[in-house]
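With the sequences and hints as input, model every part of the structure.
Chains as they are written, first to last, in my numbering: chain A, 2 to 457; chain B, 197 to 653.
There may be inaccurate statements among the hints.
Here are the computed lysine to any residue pairs in the SDA-like style, where the Cα-Cα straight-line distance is at most 20 angstroms [to be verified]:
#, chain 1, residue 1, chain 2, residue 2
1, B, Lys347, A, Phe452
2, B, Lys347, A, Trp449
3, B, Lys346, A, Arg455
4, B, Lys346, A, Ala451
Since the hints were made in silico from the structure, they are not lab data.
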Amino acid sequence: MIDLTLLASICGTVAIISPYVLVAFLGLPSLVGHPLTERATNRVSRLLITLGLVAVLAVLGLMLATGDRHVVVTFGERVSIHPHESHSLEHYHFTVEFEFDRLSVPLVLLSFTLCGIISAFATRYMHREPGYNRFFVLFSIFLAGMVTASLANTIETLFAGWELVGLSSALLVAFFVERASPARNGLWVWIVYRVSDAALLLAAVTLHHMTGEGDFDLMLGTEPWPYGRTALSEWQALVIGLLLLMAAAGKSALVPFSGWLPRAMEGPTPSSAIFYGALSVHLGAFLLLRISPLIAASMWLAIAIVILGLLTAAYAYLIGTVQTDIKSALSFASLTQVGIIVAEIGLGHWVPFLWYVALVHLLGNALLRTLQFVRAPSLLRDYHELENALGERLPRPPGPVAIAPLALRSWLYRFALERGYLDAWLRDYLVRPVVTVFRWFDRLEQRWVAFLNRRH
Amino acid sequence: MTLLSVPWLELAVALPLFGAIVIGRIRDPIISSNWSMAFTATTFALCLAAWAAFSIDPTAVPVSGLTLLIGRPVLMLDQLNAPLVPGIALLHFLTGLGTARTKMARFSISRLLLGAAIRIATFACVEPIDLCVLLMLGIIPPYLDLRARKKPTGVYLFHMGLFVVLLIGGLVASGTLAATLMMGAVLVRSGTVPLHVWIRDLFENASLGTSLLTVAPIVGMYAALRLVLPAASPDWVLQGIGMASLVTAIYAAGMAVVQNDSRRFLAYLVISHAGLVMVGMELHTVISLTGALSLWASVVISLMGVGLTLRSLEARFDRLPLTEFRGLYSASPVHAIIFLLTGLATVGFPGTSGFLAIELLIDGALSANPLVGVAVVIATALNGVAVVRAYFVLFTGTRHVSGVPLGITIRERVAVYILSAFILIGGFFPQILIDNRYHAAEHVLAQRNASDANHTE
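Rendered as structure tokens:
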């Protein structure tokens with residue numbers, strides 16, 4: 002008799018490992034200065050992404066067959082410290098553990114499916130681009146990060162995936178290395194992600210500090226999602242939840258971090274589609290879904306999430322209506338939905354069924370936006386051909402700004418065109434003061450060095 | 197005579213000294229470079245043999261001429277320094293290996309070997325007096341480098357003079373005063389704000405190889421572990437080191453973000469990481485100390501990786517200001533990849549050796565004081581921004597066009613690949629490093645507890 006649970010674990014392991022094997026196959030030859038050819042890159046990508054997808058489908062099938070809704074794949078304790086002194090209560094252990102459940106399986110399926118589609122799309126779109134191999138290496142790192150973050154069963158594992166997604170995103174924004182503008186925007190995206198990562202790292206360490214370990218079991222309960230009950234007190238849930246909300250806000254471009262989203266459109270279209278239309282921008286919402294037991298435990302956390310979600314939805318809707326390029330318009334349309342999804346997750350505190358609604362909403366939005374993004378270049382061409390044939394512009398319905406009262410209209414236009422001044426606000430009141438202070442110290446040090454060196 | 201009784205450490209110190217004398221007589225830079233490879237590689241092998249002998253029998257006492265001369269063992273290994281000594285030897289070997297032909301004439305191989313001998317002896321030294329003497333001798337090679345390059349030495353002499361005064365004062369004095377003076381010496385040597393500018397000055401004026409080998413191993417941490425931690429110092433001394441280091445970590449990380457010169461960027465990156473490593477001293481719990489020791493090992497390798505990559509780029513493009521996008525990616529993609537990999541390893545990126553070390557350190561810091569944990573997170577976030585900013589400025593922008601191939605050479609490649617391999621192996625198999633450093637942390641804390649007990653009696 003075949004042990005179905007063991008089989009599910011093996012399939013799960015294959016699903017987790019396959020993106021990392023892809024990273025190794027594509028990355029190591031580049032590291033030694035002999036990148037794979039386009040053809041070999043395509044074959045390896047196709048093979049390993051398909052393998053991962055099939056493995057996840059197999060896990061899903063086995064979960065349905067056995068009725069087990071919580072398949073755990075563990076790579077064991079990577080680090081374990083238990084001081085020898087008997088009086089010491091200190092201990093530390095780091096486990097690499099993944100779980101397949103109602104929440105993670107849909108997202109990881111979505112990740113493999115969309116990455117497979119976009120990989121196939123990119124083989125033609127990126128054909129003979131100088132950075133073809135680099136694109137696929139970063140793409141594979143992104144997939145590895147998504148799979149890791151989606152399936153993580155410890156907060157440290159989640160953090161590892163989270164960072165991989167962030168790094169690959171920032172580097173792909175700066176993909177066109179011969180221009181300075183993508184690099185500047187890539188750096189801005191990276192800075193926002195670092196803030197988000199810092200919040201997640203603090204949450205991870207705070208959790209470790211409060212419970213002695215980073216496993217989700219204590220934070221989110223052992224019951225299958227979304228019925229988990231946290232072992233943390235309400236205040237502990239609020240503290241960790243707020244840190245995680247900040248991490249989610251950075252990753253999902255929620256207010257006040259929304260300014261990086263249009264900047265991210267500097268990257269190639271396939272990466273924009275997969276990152277900012279579909280997967281990356283939803284990762285924050287996914288994190289909030291994952292911590293639903295914390296939301297259930299803390300009303301104040303739920304209220305904060307709802308407010309942030311609604312603010313983001315309203316903001317993104319308004320800004321999206323005045324965008325003049327299709328990728329930015331689509332990204333803000335996507336963000337509007339992300340805001341609503343986040344609000345739904347917060348409202349789940351009172352109506353838990355909304356967590357399912359949010360999950361379905363997330364999946365639907367990701368699929369729709371991917372389609373829209375990859376269709377965008379040809380859609381523009383179709384529009385131009387149609388308008389040329391008609392000899393006039395196609396009619397465009399007025400947006401909310403156009404129908405606003407006259408007194409408000411110009412202010413609203415300015416506000417929307419400047420994207421709510423969020424970037425300017427962050428730059429002027431956060432980045433610039435820090436840079437100014439450190440430059441002042443730098444000048445001071447220069448004078449001190451010059452003074453000491455003068456006599457020698 | 198058995199293998200365990202061979203004085204491997206004495207040989208590992210004597211060989212580069214002998215090499216420095218021999219190579220000083222060779223005028224051809226390529227021949228002297230090849231000889232230096234042989235000397236440093238053999239030195240590394242001797243250090244490995246010493247480690248192996250220690251692992252087989254930690255109590256074995258080798259037949260040593262130095263011991264017979266002085267009357268007590270001078271160079272010896274214990275849990276703390278056993279892996280550090282071969283590590284230091286390896287760094288010297290890789291620095292020599294990664295020296296580009298264009299720089300061989302300007303980079304003194306004799307001083308490299310002299311420095312190797314002094315630094316290996318320093319890390320192999322346990323007794324406070326011997327260690328202090330070697331720490332003072334360690335000042336000489338960078339000074340000679342500055343003089344040879346006709347660069348100003350005022351900043352260096354001022355700070356190292358202060359270091360020597362504090363160190364001697366710490367040795368001569370007793371009780372709390374001695375602990376305070378030792379703390380001061382350690383803070384100067386590890387480049388703690390506001391006594392850090394000598395590191396910035398050294399990176400700007402000395403050769404990059406010498407600067408890296410002087411500063412990147414964070415000798416101050418070793419001095420703190422040998423001179424301050426076991427000396428029954430009052431807790432406030434350790435807290436003082438920890439708080440000053442914490443301020444340094446954040447300050448230097450912020451400075452690294454705004455630097456307009458690649459060498460200064462590297463200097464502040466080193467200072468910030470030295471600060472982060474020293475933070476673990478304040479907490480002196482086994483977990484935080486394990487984190488600090490693991491982070492120390494990890495950042496030394498990563499910083500050397502960043503440094504050697506920058507040095508290799510400088511050999512092709514001269515000094516690299518960070519004022520404009522330089523577009524070097526197309527000229528040498530391998531440099532770009534290695535720079536990013538080693539740079540991210542310094543900030544504990546997942547999959548690299550520093551990831552769990554930083555986690556352990558922050559975990560230990562949070563246990564002691566939540567604000568310390570927050571500060572460490574801020575410092576690592578700023579360092580991450582500094583590294584990626586430097587990467588973008590150096591490697592993106594209008595393509596650098598050259599009539600000659602500027603790609604990485606085989607020797608440089610081997611040097612940075614070895615460091616990258618350590619980084620990745622440490623990232624995917626962290627237990628090896630953490631276990632080793634955990635035993636070292638226990639050893640150090642046991643020494644401190646024993647010292648405390650003696651003090652109480």
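Hint numbers contradicted by this structure: Hints that this structure does not satisfy do not exist here, as all of them hold.
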